[in-house]
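A.B. asks: Sequence:
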Amino acid sequence: MKINNILDQIVHNIVIADFLPTYASLGIDIESSINPKTGEIAVSNDIEAVAVAKLIIQHICAAGFKVGKDAASIYFFDGSKWVNISTGHWNEFVKNCAVKLKTNFAKYLTAKFQILLQQTILVILPNLSFDRINSKTIKINFVNGTLQIVNNRVELLTHCDDDYFTYCLPYEYSPKDREAPLFFNYLSRVLPEVQSRELLQELFGSVLAKDLNLEFLAIFLGNGANGKSVLHQIVLALFGIDNVSTLSWSQLFEPTELISFEGKLLNYGSEISLSKNTNLDLIKKLCSREHVTIRKRYQQSSHTTNYGRMFFNANKLPVVSDSFFSFMRRLQLVIFDQTIDPQERDINLANNIIQTELTAIINWVIEGAIRISKQMKFTESIKSKQILDSYCVEQCTVAIFINEYLLVPSQTRKRLLNEVFNLYVGFCNERKYRCVHYSEFSSRLRQNSFEIRKSNQNKTFVFAEGFST
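Everything in the sequence shown is counted per my numbering, starting at 65 for the first residue and increasing by one.
I should point out that these hints are in silico values taken from the structure, not numbers from a laboratory.
Just so you know, nobody snuck in bad clues.
DSBU-like, lysine-lysine: derived pairs with alpha carbons at most 35 Å apart:
| no. | residue 1 | residue 2 |
| --- | --- | --- |
| 1 | Lys360 | Lys130 |
| 2 | Lys438 | Lys292 |
| 3 | Lys240 | Lys203 |
| 4 | Lys292 | Lys449 |
| 5 | Lys66 | Lys203 |
| 6 | Lys66 | Lys292 |
| 7 | Lys118 | Lys360 |
| 8 | Lys130 | Lys164 |
| 9 | Lys518 | Lys348 |
| 10 | Lys349 | Lys200 |
| 11 | Lys348 | Lys380 |
| 12 | Lys166 | Lys130 |
| 13 | Lys438 | Lys203 |
| 14 | Lys478 | Lys348 |
| 15 | Lys496 | Lys380 |
| 16 | Lys523 | Lys496 |
| 17 | Lys438 | Lys240 |
| 18 | Lys449 | Lys349 |
| 19 | Lys159 | Lys66 |
| 20 | Lys176 | Lys159 |
| 21 | Lys118 | Lys159 |
Fair warning: this is a prediction, and the values are worked out from it, not measured in the lab.
Kindly generate the complete structure, drawing on both the sequences and the hints.
C.D. replies: In structure tokens:
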């Protein structure tokens, strides 16, 4: 049942409430609070808001559901997962519940009381913990239960709110379903290298093994007519369209856009910006799944770690100048370099795979999750390594030079910048790299946290130590 239908059903079942027990539980002296003229209990708006909020939560629990909050977000456990309720739907639900609790409900419709009630119920709601834990136990949420994998032991358990799932795969777990000829034939065609297919399997598996401490950004690289669009459609269906956000590269850097990644298994973007202004600090945080800033429109910012992995399709890799090696270490590339001729293309391939083979494909993904949880590193693809090496050279020969000579910033040790530049030029000539000019070399050293300073003798020094080869 959809969450809106559940909320409507709860409202429908509410009847006029007896407020006396709730007031008594709040320490109100009932006798002294009775208004002699009306016979009703007279309490402050604050107390009445607390009573109404408690009664609403009681009705939710009585209906067999649970509700809680994470920062400014409201979550509702629908029996299999925690669902993030939009502010508008939640406010409307609370208002509709309130007016059914009391015969004289006119006050409950006023803006002043509604604001007080919304603030009060947000305080009373229990806090939920969606923070990721570093664990090799794999739990995967299916329609028919939660699959738990511990040390190769596989067990299907009943759904539990304490697992704090914010997703449910849109089909049942079927362990005997292993045949997916359409998918595996497609995969062999677009990724002929075995290691590339194993890497893809592990990347998919890491989406489900979300508590593994793996820091990566997956990019599926290649020009058009190579099968990436088919994979994109399959992934959305495999993990569930409600469980995957599709933010573009540039949208990741906007807190009001990034909030749509909250609670998702995966963000699968269809393009990567080639901008030179890439915010690598945020990318590194997202790869590590650290706290990031999100914000609902017209509301205050909050922080979350409740988000998943990142996949992107790309024709080219992004331009990066600062902290290049830190970025590159997190890159996992799957190279789509096979061109599918027009006469070979099947426009219905993705739909045919989705309609008949998802429950078999997910078992292949689970194998990838188990393998990556054991080895804790991704299979190395020769194709990917070649592209990464080339990318490294194209992006920043200065970064390669720093890495090769083991240079680190220093507060006391220094060397003439001109001498270091000559070392760099010789390094590039030896490897047939194209070196940058002197001023750019100096600028890139600064970008990598090296201090450059002129002396009284008008000599320029770089404060660094290392210079080992």
